Amino acid sequence: MELTDSLSTPAAINQPVAHGRVRRAPLISRRSQALLTIVLCLILIAAVLAGAWLIGDAGLKTSLGERNLAPHWQHPFGTDWLGRDMLTRTLHGLTLSMRLGLAAAAVSALIAAVLGTLSATFGGKVDLVITWTIDLFYSLPHLVVMILIAFVVGGGVNGVMVSLVLTHWAGLARVIRAEVLQVRQSDYVQLSLRMGRTPWWIAHHHLPSHVLPQFLVGLILLFPHAILHEAGLSFIGIGLSPNTPAIGIILAESMRYLSAGYWWLAVMPGLALLTMVKLFDILGGQVRDLIDPRTAQE
Amino acid sequence: MRWIVFLARKLARLIVLLAAVSVIAFTLVSLSPIDPIDAYIGADMLSIGLEQRAQIAARWGLDQPAPVRFLNWLEQLAQGNLGFSRVYNQPVSQAIGYRFATSLALMGVAWTVSGLLGFMLGVVAGAAEGSWFDQAIRLYAYTLASTPLFWMGLLLLTVFAVWLKMAPFCCAAPVGMLPEDVTLWQRLQHLALPAATLSIIGIANMALHTRQKMLDVMHSDYVLMARAMGESPWGVIRQHALRNVALPAVTLQFASLGELFGGAVLAEQVFSYPGLGQATILAGLQGDVPLLLGIVLFSTVFVFSGNTLADLIYQIVDPRIRLAEG
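Line order of the protein sequences matches chains A and B.
Numbering-wise, the first sequence is residues 1 to 298 according to the working numbering.
Numbering-wise, the second sequence is residues 299 to 624 according to the working numbering.
Please note: incorrect hints may appear among the correct ones.
Unchecked claim - To give an idea of the chain B side of the interface with chain A (calculated C-beta under 10 Å), a few residues:
# : residue
1 : Leu-309
2 : Ile-313
3 : Met-527
4 : Ser-530
What the hints assert, rightly or not - Computed far set for chain B versus chain A, every beta-carbon distance over 12 Å:
#  : residue
5  : Leu-305
6  : Arg-311
7  : Trp-358
8  : Leu-415
9  : Ala-443
10 : Leu-447
11 : Leu-453
12 : Val-480
13 : Arg-525
14 : Arg-536
15 : Gly-582
16 : Gly-585
17 : Ser-597
To be clear, the hints were calculated from the coordinates, so they are not data collected in a lab.
Here the structure is a predicted model, which means the values were calculated and not measured.
Note that beta-carbon positions come from the ideal geometry of N, C-alpha and C, so glycine has one too.
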C-alpha cells in the first residue's frame, strides 16, 4: 500500500492542471474501511448473542399487570398479551433463528464445496449428474421445495434444518465448480501436471488458495438467506413448534393482535431480524471486497 | 420449421423434467413420517377405531405398497387426473385451477408493477451514477433485499389497514359475500396490499440488476463515441442504453417466476388471500399429499414456462441470437 501511495503522490500533484479538479485521497484506505466494517458487524452480532444470554429468561415470565404495553424505556420493544418483555423474546428468538440459519448454511456450503469440486474434478458423467441436479433445484420455487421437504421430514426443528440444508447449496456449488474448472485449466496447473505432479498434489497445493476465499464469501452470504428462509418457514407454521420462540413464530403470533393496534409486536422483532440479516449481508460483501484481488488493493 | 424444432425441444425437456420431479417428489412424500390418516383426522383421533382407519386407508389406496401407489398415481396422472384434495374436498386439478386464478391476479399485478418500476428506477439510477437519486435507490434496494417479505406485509397491514383504515384487513373479497356479488372494485381493494407487498420487495432485485447493466453500457466505448459525436445524454439513453438494458431485464423478469411464486406463498399467508400459496401451506401442514404433489408439478410447469417465454422473447427481439443455437 505504502509503495503505491508514495508513487502516486507526485503524479497527483501534477494532475489538477490536466483534470481541472483535485481528487482528495480518502481519509482511510478502502481496505481499512472494510476491516473496520467487518469488526463492527462481528461486534454487533456478538452483542445480540451475548444480549440474549445476559438478559436471561426473566423477561419471559408472564406478568399480567404489564400486558400489551407500547414500547417505553423499561420495555424498549413493548410487552405482549401475557406481559412478557418483547426485547427478551426477540433476542432469544433471534439467537435461535441465527443458530439454525448458521448451522444450515454451514452444512449446505459444505455440500456445495464437495459437489462442486467433484463435479469439476471428475467431469463426464459425475459432472452431468451434479449439474443436472443443480438445474433441477432451479426449476422449482424454493419455498415449495422447502415446504415439501419439511413435510417429508415431519416438520419441527429437523424439518427446517433439512429443508434449509437441501435447498441452499445449489448456487454456491455452481460457483465452486466454475472456480475449480478455471484453476484446473490454468497454465501453471497444466505445467505442474507436465512436471509430474500428481493430481492429488495439485488439489492440495493449488486449489485451496483459489477456492477457499470463494467458499468463505459464499458461506457468509448464505447466512442471510438461510436466516430469512428459516423465519419464513416458521412464520407459515411449517417450521418450529409454537412453543419455541423463533422469530418467525413471534411474528406469526403477532398477526392475531395487529387489528387491536399492538403494532410493536410485529414491527420491533421484524426490525431486529432485518438488522441481523443486513449485518451478515454487509459482512459478506466486505469480506468479498477484501479477498477479491480486483478490489482488495483499492 | 425452426420454431417447431425449438418448441419440440422445449417440450421434450419439460416432459423429462416433470418425470424427474414426479419420481423424486413421490419418493420423498412416501418417506414422510406424517401419517396422512392421522393428519386428516386430527383431533378426532380418539373417536375413530382401528376398523375405521383401515377403511379410510383402503378407500385412499394407502394399504398398497409405495411402488404400486406410484404406478397408480402415474397412470391417473397420464390421464390428467391429479387425485382428490382432502383439504378442499374437490379434485386437485380443480382446487389448483381455482386458487391459481386468484393468485394469478395477485402475481400478475405484482410482476408487472415490480418489473416496470424496477426497470425505470434502475435506468435512472444507472444514468445518474453517484447522484443522490442513485444513492437513494441503492440504499432502498439493498435494504429491501434483506427484508423478510412477510414482515413487509405485516407493516403494510398495520399502516394501511389498521391505522389508516384504507384497505381491508384480509382475504380476497369481503367476508361472507357470495363470489358472484363481489364487485371489481372490491376485488381490487383486497388485492392492493398483498400486491404492494410483493412489488415493493420485487422492485429491489430488478432495479439493482438494471442499474448494473446500465453502468456497463454508459461506460462502454460506443457510448463515449456517441457522446463525442454530440449525442445528448437523453439521446444516448434512448438510442443506446434502453435497448441494451431491456433485454436482460426481460429475461430476469421471466426467470423470476419461481421467486414470485415463493413470495406469493408468504404474502397470501399474511393477508389470508385464498390463492395457490395458501393452498401450498395447507397441503404441507395438513398432509394433503395429492394436493402437495399437484402443486409441486404445477409450479414446475409455471417456472419452466417463464424461462421458456424468456428464451422465446429473446429469439424474437434480439437479432443477434439465432434460433438454431437455442
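Enumerate the violated hints, using their earlier numbering and listing them in ascending order. As far as the earlier hints go, 1, 2, 3, 4, 6, 9, 10, 11, 15, 16 and 17 are violated by this structure, in ascending order.
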